[in-house]
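When you get a sec, could you build the whole thing from the sequences and use the hints?
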Amino acid sequence: MNSSELRTAVLKAAEASRMLVDLRPNQIREFESGTCDIKITQLNFESLAVIEFCLILEEEFGHSIPARRFYEFKSLQELIDDLETHESN
Numbered sequence: 227m228n229s230s231e232l233r234t235a236v237l238k239a240a241e242a243s244r245m246l247v248d249l250r251p252n253q254i255r256e257f258e259s260g261t262c263d264i265k266i267t268q269l270n271f272e273s274l275a276v277i278e279f280c281l282i283l284e285e286e287f288g289h290s291i292p293a294r295r296f297y298e299f300k301s302l303q304e305l306i307d308d309l310e311t312h313e314s315n
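Numbering-wise (the numbering used here), the sequence shown opens with residue 227 and increments by one.
For the record, the hints were derived by calculation from the structure and aren't laboratory data. This one's a predicted model, so the numbers in the text were calculated from it and none came from an experiment. Among the clues, some could well be false.
Taking lysine-lysine pairs in the DSS-like style, the calculated list, with each CA pair at most 30 Å apart, reads [to be verified]:
| hint | residue 1 | residue 2 |
| --- | --- | --- |
| 1 | K265 | K300 |
| 2 | K300 | K238 |
| 3 | K238 | K265 |
Here's what the structure looks like:
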């Protein structure tokens, strides 16, 4: 999966877990196009949303990201970089 496809998949997971509710539509479009990043602190990251997000990503990529590890990422791009690393192995 290339970076663009990963960004789209991560956005879908974030949307399904209602983590994007505080973002403007243009922020989401710019992230998806690769022209900006979204900081983790910009997301609605209630505990249940994070757990759901991580489960969706695990189902999509087969790579487990423990919910507690989610908080170690500074941005969605860092998370994508992590997914790319595991995907290439």
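Taking the hints in turn, this is what the structure says about them:
Between K265 and K300, the direct Cα distance comes to roughly 6 Å. Compliance with the 30 Å bound is thereby established for this hinted pair. The suggested pairing of K300 with K238 holds, with an alpha-carbon distance near 19 Å, which does not exceed 30 Å. Restraint check for K238 and K265: satisfied, since their Cα atoms lie roughly 16 Å apart, inside the 30 Å limit.
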